[in-house]
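Residue numbers (my numbering), protein chains in the order written: chain A, 5 to 362; chain B, 5 to 362; chain C, 5 to 362; chain D, 5 to 362.
The hints are simulated quantities; they were obtained by calculation from the structure and are not laboratory data.
This one's a predicted model, so the numbers in the text were calculated from it and none came from an experiment.
Incorrect hints may have been included.
Identical copies go unnamed one by one, so any copy, or any two together, can satisfy a pair.
[What the hints assert, rightly or not] Lysine to aspartate or glutamate pairs mimicking EDC-like chemistry, simulated, CA-CA at most 20 angstroms apart:
1. K361 - D30
2. K74 - E117
3. K282 - E55
4. K362 - D30
5. K180 - E65
6. K151 - E356
7. K97 - E285
There are 4 protein chains.
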Amino acid sequence: MYNVAVIGAAGYVGAELVRVLLAHPDFKLAAISSNSEAGKTLAQVYPYFTERADLTFVDHETALAETDTKLDLVFLPVPHTAAMDLVPAILEKGISVVDVSADFRLHDAASYEAWYGTPHTAPDLLAKAVYGLPEAFRSELKVLAAKRASQQEPALVAAPGCYPTASTLAALPVLKAGLFNSNDVVVINAISGISGAGKIPTDTTHFCSVNENVNAYGVAFHRHTPEIAQTFSHLAERNVAVQFTPHIAPLSRGMVSTVTLRLSKKAAAEATPENIQKLYEDQYAEEAFVHVMPPGTMPRSSSVIYSNYAHVGVAYDASTNMVVASCTIDNLAKGAAAQSVQCANIIFNLNETTGLKK
Amino acid sequence: MYNVAVIGAAGYVGAELVRVLLAHPDFKLAAISSNSEAGKTLAQVYPYFTERADLTFVDHETALAETDTKLDLVFLPVPHTAAMDLVPAILEKGISVVDVSADFRLHDAASYEAWYGTPHTAPDLLAKAVYGLPEAFRSELKVLAAKRASQQEPALVAAPGCYPTASTLAALPVLKAGLFNSNDVVVINAISGISGAGKIPTDTTHFCSVNENVNAYGVAFHRHTPEIAQTFSHLAERNVAVQFTPHIAPLSRGMVSTVTLRLSKKAAAEATPENIQKLYEDQYAEEAFVHVMPPGTMPRSSSVIYSNYAHVGVAYDASTNMVVASCTIDNLAKGAAAQSVQCANIIFNLNETTGLKK
Amino acid sequence: MYNVAVIGAAGYVGAELVRVLLAHPDFKLAAISSNSEAGKTLAQVYPYFTERADLTFVDHETALAETDTKLDLVFLPVPHTAAMDLVPAILEKGISVVDVSADFRLHDAASYEAWYGTPHTAPDLLAKAVYGLPEAFRSELKVLAAKRASQQEPALVAAPGCYPTASTLAALPVLKAGLFNSNDVVVINAISGISGAGKIPTDTTHFCSVNENVNAYGVAFHRHTPEIAQTFSHLAERNVAVQFTPHIAPLSRGMVSTVTLRLSKKAAAEATPENIQKLYEDQYAEEAFVHVMPPGTMPRSSSVIYSNYAHVGVAYDASTNMVVASCTIDNLAKGAAAQSVQCANIIFNLNETTGLKK
Amino acid sequence: MYNVAVIGAAGYVGAELVRVLLAHPDFKLAAISSNSEAGKTLAQVYPYFTERADLTFVDHETALAETDTKLDLVFLPVPHTAAMDLVPAILEKGISVVDVSADFRLHDAASYEAWYGTPHTAPDLLAKAVYGLPEAFRSELKVLAAKRASQQEPALVAAPGCYPTASTLAALPVLKAGLFNSNDVVVINAISGISGAGKIPTDTTHFCSVNENVNAYGVAFHRHTPEIAQTFSHLAERNVAVQFTPHIAPLSRGMVSTVTLRLSKKAAAEATPENIQKLYEDQYAEEAFVHVMPPGTMPRSSSVIYSNYAHVGVAYDASTNMVVASCTIDNLAKGAAAQSVQCANIIFNLNETTGLKK
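Using the sequences plus the hints, can you model the full thing?
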């Protein structure tokens, strides 16, 4: 058993991490923290946990202090900037970190500053962080695991954003196979449930604002854009431009990302709906959490709710040379909390699916 | 006062037509028909109309029969194929038609057969029908109006689909200005409320299926694709390819269509967020029903619910040379019933906004 | 035309009042006020009003100041305590008031203090205020109207709460007919959409809290309890006890109140489902806004949305001697804004349905 | 391991039973049947089960036939009348049955005929069936378990309806303690998610019908009424009349039942909010699945979703001598499937919480 803490456990992602970790056989939840809810029980903040868990929030400092429990791992579902303030000290204690904030996702401190409007205060750690999308970066995560095990070097994982997770899983087979026409732009349109906007009540999250409404937002400036472009470029092994447009719809949890990729002339000459379908099926054949839908069908977000699963459907339109692929995830689960645990399983050399198959 | 009938009034679009026409000062609702609900009152089928209307469904034949009421105009919110069976006889009686089905939208009978899987039985009328999107085809509609008035020739209007309406209003300024890079494909992603799937209960429309779910559907083969491509090509005055992907979300009414258009190199050299915004504002300055959102904001579907309004937001991303424009409408109103009345106003030389400004 | 102002127009009830008044032929909306949103346009706060209204919020003081516009009437959809601070000065200016807060609903200052936890600061006005439920207090409202017209005495109407409106319309026929067993307690269970909780975002109004949830709240201490008991006692002409339990459900607008009344032995001896149905139909035969459902059917809240209508269904259970009656209204419309306008129509000797029949 | 089958597994309750049984350590799911979906995989009918289960529907006959698998237990989530046709033959084979239909809930065949409009075809089994609400009939269930174990007599459990489950758990402490004023009528108002109406699409379950609507239904004639009265009378040890009014609200799963009970004069003389709260806490102190809310708070249905938990809140109103108690459950779980498994655990002498604590 490894001792773990969730720092920032009172938000939606934090609570989902608690839910997943309570059922995990190899991680023992030693502490949950929230500076704003410290002193309250988990069930007071989330009545769902009544009789399911007997936990009380402490503040971040208390959770991280050396007490009789030596922590092995900390999950950090905190707002951006809060993580980069906390991570250096945690790593120095020899505790591994899965950061669920945005602070260690971009490799480039200048890009971070450009998109987040504030300098990065721990830029030297950016190169050490591995992007925690196992289906794309499993070997890198395993290097971290080996270092942790052999050299006692704590690992730093930057868990991806929800939109980048769904978008990457939708586009990955085409990008990795080098089929994308690199002069083109990958167009990504996604729809998210409102839990992605967080637990703090605002005009935007009021029921009467969300209900019976859909709208685009953050067009051309959503912060997940550079994160997606970075991953897509890595997968394609050249620079890939993306046009990412998120939308909000009246649901609590769940997300779909639909990506549209034009194939290169060479690729299009050989592409058929059947072999594109096969490309996806082959790519994900060994993946425990990614399911490719049968030909002609597109995935539903409700099928993956409360789980680490991602469902991917794909179509090829020969009249436009375009692949349209759609991926559904639970934005709080595979899009945040459950995927963080998937990464933690890898880092601690556990079976990757431990505690997540249900 | 003109006498009008709604043939197929028991569906959602039909009921919305009734709602709009009841408040219209110049159209008198002489008959509502439904072959399946004939004999029932409107309020029995739609309790909303209790005390608002005292109307009873008759069957189609009865509604169209020559009685003491001479009809001037018939609205046809019927399934495709039903309209092309009915329209020739109605026109022969000298009655104008606004067909809200798909039967007269495509100019080309072969394309109709390819997409709808059945031969067109009134192909000679395709050339006579005008596509009823006033913001794009107002002059053509006015020609119909003039012929109706001077030569007693009944008009045939093909009211657009909901997705094509929202998509066209989003893309029109760029296409008309010739800014679109014609080697590219316009990528359209749209989200609709479930009323678009019709009133007949199915697995797809069950509350438990729609609620807490989003998904893409009809990818690469939705029947609104050729309709959108036809209109876009007309506006751009050359062949335009589109990749249209609709999604369903848990709302009853409302729709957003987000279009992504890459500008030609020449256009991109001069484009700025400000002049693209101005292009949209100028295009729609005189339009009574299209509102361009302030810079940096995207429209909400809830703002246009139950109305003939369309709200359009636009962004220009200089890093990709792409215009992203998002249009929200009420799929049953501007996307079907209210827009049909807007067309009827034009055909009968009424003020275009009569009965629709609220 | 009478000049009217809405003081506190930025809340949900205020915005609904604006919506109704914009379509009213005899009331001219001279000012809308909000101390928190002063300076913003209506469309900035509620995008729905884009192109529908060109109004800007001023602060309360500005709206009420003597300018070139002499106000005839002020609507006060403000929080309780705010109204009793404002009303005396407004009346002194000779301006009539429809108070939509709770401040002038209870006749008894001691009861107000007991339920609202604060002394009433204008107790002498309590006796002057008429409870604005026309179906129960029309003659009293007409006395106010006569005084306003003949003696230039400004009227003070206390518009009822939403739950009391629906509950009263459900119970009124039995209570007025003296059929209720006065040793018993009227049991009232109601369900409201979340707009009743107001526009200010809170944990309670967050989409993720409301969605996929139902719960009771305020059991045995909801402030609408004494208001309901006061009206029921007035109608029955003796003391009537009520047990009122409100619930919240995942909808924005709409409400149902289901009341359960045990008939006295004498009444039960003669009661049948048929004559109880007739009692309701007769009671409401002349009411423009109350519709009694056909036997065996219960009303839907969606049928009355955005309107001043109330739908009432009634059943009589001979095995328990109980009448169960269910009334649906739009909590913001008949439950607040539209009913306030109905009262204003009476006060100004207009046709009671002016601007409200749609 | 015991071999179990779910007969009628394609409905919502059936699918929920499958979900629960897949995670159960002591029941092996040997067969799932559906006459209408036979031949399809579970994931085809419910995409949620993709990668979670590899099961295929067979028809009822095949599932029940003696093959290489000897069944120990059959769950019967079938429509009423279907169960009484199947149960005698199943019991004759020595297989125990948890019937989730309504067929064996009422003790009295005449009452069954009166409420269900059809004669009971297996009336001799009514006396053998035990009502499967463990919190009220645990000792009776244990007698069945003992007979099953010692005498090889198969058990027949009639799993309660969802409304009766929630209503009984809300009222039980008062009824059992003899505090209820027996001349009075227990008033029950409940709200259910639409999954209670079943999977077959109808006008009633269409998203556009359910969304943004609440309404009462089945007033004075809902079939759960005699079932509730029978249980209440058993608990109070004398005849108890109930007035049960169900409502529908726009959610998929979840239910609240609010019961209002007037205390006898004697009981009221001693009642306080504190000791009524204590009565509830004491009653349920040893119950694994019933949680009593803290004083002054009412339960939320979302807290118990997907679980066998019931949350109960209680208030005492000294001004009316009334206890108001509100119970939330998941209508498909504690209200049907999970509670059936709870009963099965008892019948097979397993720990009552096996497979249900999560």
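Hint check:
Within a single copy, K361 and D30 get their C-alpha atoms as close as 14 angstroms, and across copies as close as 19 angstroms, so both meet the 20 angstroms cut-off. Taking CA atoms no more than 20 angstroms apart as the test, K74 paired with E117 passes in neither setting, with 34 angstroms inside one copy and 56 angstroms between copies. For a Cα distance limit of 20 angstroms, the shortest separation of K282 from E55 across copies, 18 angstroms, qualifies, whereas the shortest one inside one copy, 46 angstroms, does not. Taking CA atoms no more than 20 angstroms apart as the test, K362 paired with D30 passes in both settings, with 16 angstroms inside one copy and 17 angstroms between copies.
In the homo-oligomer, the alpha carbons of K180 and E65 never lie at most 20 angstroms apart, since the shortest distance is 43 angstroms inside one protomer and 50 angstroms across protomers. Proximity of K151 and E356 under a CA criterion of 20 angstroms is satisfied intra-copy only: 17 angstroms inside one chain copy versus 46 angstroms between copies. For a Cα distance limit of 20 angstroms, the shortest separation of K97 from E285 qualifies neither inside one copy, at 43 angstroms, nor across copies, at 46 angstroms.
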